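Chains as they are written, first to last, in the working numbering: chain D, 8 to 128; chain C, -18 to 78; chain A, 79 to 844.
Derived by calculation from the structure, the hints in this document are not laboratory data. Please read all numbers here as calculations on a predicted model, not as lab measurements. You may find that some hints are simply not true.
Result set (DSS-like, lysine-lysine): computed pairs, CA atoms no more than 25 Å apart in a straight line [what the hints assert, rightly or not]:
1. C/Lys41 - A/Lys317
2. A/Lys269 - D/Lys97
3. A/Lys267 - D/Lys98
4. A/Lys269 - D/Lys77
5. A/Lys267 - C/Lys41
6. A/Lys269 - D/Lys98
7. A/Lys324 - D/Lys118
8. A/Lys574 - A/Lys616
9. A/Lys85 - D/Lys118
10. C/Lys41 - A/Lys616
11. D/Lys77 - C/Lys9
12. A/Lys317 - A/Lys269
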Amino acid sequence: MKKRVLTVDDSRTIRNMLLVTLNNAGFETIQAEDGVEGLEVLEEANPDVIVTDINMPRLDGFGFIEGVRKNDRYRAIPILVLTTESDAEKKNRARQAGATGWIVKPFDPTKLIDAIERVTA
Amino acid sequence: MASKKTAQKTLSLAPVLDLNEATALHEKLIALKGSDIVIDASAVERVGTLCVQVLMAGAKTWEEDHLSFTFSKVSDAFEKTTQLIGVEIDHLVAKEI
Amino acid sequence: MDMNEIKEIFFQECEEQLAELESGLLKLNDGDRDPETVNAVFRAVHSIKGGAGAFGLDDLVSFAHVFETTLDCVRSNRLDPGPEVLKVMLKSADVLADLTNAARDGGSVDEARSRQLIKELEALANGEVPQASAAAPAPVEVVAKPVAAVAPPPVSNEGFQPVAFSFDDFDAAEEPPLMEMPTYEIVFKPKSDLYAKGNEATLLLRDLSRLGEMSIHCDMGALPTLERLSPESAYFSWKIQLATDKGEDAIRTVFEFAEWDCDLEISLVEDEATQSGEELPMQPVPFDLSILDDEPAVSVGVVEEEEQLASRQQDIRNAAVSAAGTASNVLQMAQSAARAPAEKAAPAASAAQSAAAQQAAASAGTPTIRVDLDRVDRLINLVGELVINQAMLSQSVVENDANGTSSINMGLEELQQLTREIQDSVMAIRAQPVKPVFQRMSRIVREIADMTGKSVRLITEGENTEVDKTVIDKLAEPLTHMIRNAVDHGLETPEKRLAAGKSAEGTVRLTAKHRSGRIVIELADDGAGINREKVRQKAIDNDLIAADANLSDEEIDNLIFHAGFSTADKISDISGRGVGMDVVKRSIQALGGRINISSKPGHGSVFTMSLPLTLAVLDGMVVTVANQTLVVPLTAIVETLQPEASAIHSFGSNQRLISIRNSFCPLVDVGRILNFRAIQANPVEGVALLVESEGGGQRALMVDAIQGQRQVVIKSLEANYTHVPGIAAATILGDGRVALILDVDTIVAASRGQSLKPEMSLAAAG
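Whenever a hint applies, use it, and build me the whole structure from the sequences.
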């Protein structure tokens, strides 16, 4: 069975890069444009893993992660955060919000897949 | 051949035993306390540490109660994962007679 | 989708982000302190940086990074976005736009300027707020260096090869003899948080086992009985021995995501004695872990990948088609909803509808879909056909149903109404707010203000007014020129303004609104107004008017639209590029628009442009020339008149003039110019259309008769037939006849002695 990845990012460029990378690697990819949409599609997407950006309109990555972790059905899903640089402060906040791991942007496709493999069964 | 058939209960485990399932599994086991129990782990596709902890705590509790706690069938995934994390279940698995 | 397409998407997105950035900064400049505005500005720069990084656009990344850092100071309230700070930020936004363009098109950027701004941004981030009185930055050496458009980025191209997930780790672990590999002892005690955050000890141990030969002991000592167990707490901990040649870093990497949420000790086991001296019962972990990865997540075959990609693209297409289907459903619903009230109070309802549409466009939350422009254009074409077809049907029914009261007739009227509504709605799909163009103008104003040392405030109104995309695209150039002109020539220097009792800061107001089916754009400045004496003198010097000509103020003002007219005493860098207001007027006319000026000495000038909302239909006058039906764009026609014999003056072999209110105007026989007839028609038997064209010259076009005015659907001749000189396009009339739409500019040019050569380029509408 293909693993399902939900990506949440407001940048069309990054969304497309994620889509190409993940599809090439054999994942099924569902995409949302911000935290609000991410939470909305959660049930429909029923992902095995989530990849989310931090800076987004409406609901940022921190809020989105907290939302997922508060959701009784989906709180166990591993969440990887996309951060632009290895910003310790942002990583920390993401962790506190409940992030499982992180990927540094601009992401290297191999590392992205690697990180997803690491947090999924 | 099983010798005692009195008050033996069976618990079938869900395919995915993740964080969410740990609490449910915990409640189910507590509800079955006081009887011999046979756990059917044949459907398990994925098992996380928390559920293994619950099951092992169950085994411990049943042992203290001098009741039997056995796995009737285990899936490959269940067996491989417990083996991987160094949790010995061989002595709990019902042997073919 | 390949890398180039994503890159194209990136640049499109950059454009949107840059617009977002600028409008946010301008809001801040107007005193807006909404944190969401600051956030949006920050996000825009952040997003550009993120994408640029992915494509290895290093110049863009480094500038965006500095900019972002400074914006972060504003976001965290460490830097107050006062006017001087915003000045730097607005300039930085301009540089960011330049860098983006350079990355896309390979143009050059002003390196010195961007270096200077990096310095200023860094100073701001360091808490050095510039003084308002600070003089212009020290002159910097201006070196424009071309930036390679597709500088081979270090990662990008290689970066998107199909990901090869390597299982080498397994093989490698098997090869070297165990004894030679260093052995590590790892103590791993997860905390409850580790599980709460979606990490899983089983997966960490799985990854660890892949590094080499692993023995494991699980410590269950902390595990309570069931009653006292909290199911989501961590009780297990592990002691692991791992023989691996991958090094400690590889082990730490496995725990990278978990290290805060567990106790982790890693130590190298020195010798075998210690190893074998272990008392703990260790379980060797089997190698066959295949069950844990329920399937290799990576498809290895290239063919398969392509298939997946292809099917994905198909999915996307299908989705787009169904989205388009939904859109048309929505359209239908909206129309049927609009129809009900339209029966009683059509104008009011449609006004409300358009107001609602504008409001909807203004609110960010409205869901939108992206549709290929080709699809929209195809739809517009089809609707054009529908309109024509409906008109033909109506006409033939009218011809065959003399009393005109049958139910067919009533149905047809309804059909006509519906067709018109569909047409309007379809046109509305191509309509876009003028906002992007207006936003670009604020940069122009800043640049000119800087160059001229004037202080200017640009106020825009009606940014959400919508007009056809083509009109918007073609509007930028004339508008830019007019804005330059307004700041350079219209506004006075701060000293002169103060002396005249005005504020030192000049105001330029750019307004858009809809008025009777057209868009009206006004550009007003509060400068000195047109110096009529000077204009008049210049016109006399340039032989545009007679020295004793008696002109109204309005006529004098409009002289500035004459070719080659410039009131600036010396040619300045800004508006003196050999481009005058005549060019502006011509481009507006090419769009089927009109422009005029009104000016009050001492109070400023107002340029008013009126443009059609779409280029797909045209208001035309249907005329007959040598038994042919032609359409003349209404915008070109100043007036129509019935020539009297006494007003016609012949000279030369076949030149004729017509006198209109004491001035003479060349008479052009359209039929002769287009070779519809061999000899000139008698003007007295026809009608003269007074037209204005390129350079403001007037001509009287002779046609045989006027049939009426109507809106026609423009059909490009070039697409269906071939380019015909003197003809801009064609249309199909209600009776099914094809009518040619006259290209007035070319006809007038031809009448000046230039012949209509096939290669002559025509300003084909649309």
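Now for the hints, and whether the structure bears them out:
no.: 1; hint: C/Lys41 - A/Lys317; verdict: holds, 21 Å
no.: 2; hint: A/Lys269 - D/Lys97; verdict: holds, 22 Å
no.: 3; hint: A/Lys267 - D/Lys98; verdict: holds, 22 Å
no.: 4; hint: A/Lys269 - D/Lys77; verdict: holds, 19 Å
no.: 5; hint: A/Lys267 - C/Lys41; verdict: holds, 21 Å
no.: 6; hint: A/Lys269 - D/Lys98; verdict: holds, 19 Å
no.: 7; hint: A/Lys324 - D/Lys118; verdict: holds, 17 Å
no.: 8; hint: A/Lys574 - A/Lys616; verdict: holds, 23 Å
no.: 9; hint: A/Lys85 - D/Lys118; verdict: holds, 21 Å
no.: 10; hint: C/Lys41 - A/Lys616; verdict: violated, 106 Å
no.: 11; hint: D/Lys77 - C/Lys9; verdict: holds, 23 Å
no.: 12; hint: A/Lys317 - A/Lys269; verdict: holds, 15 Å
Of the numbered hints given earlier, the model fails hint 10 alone.
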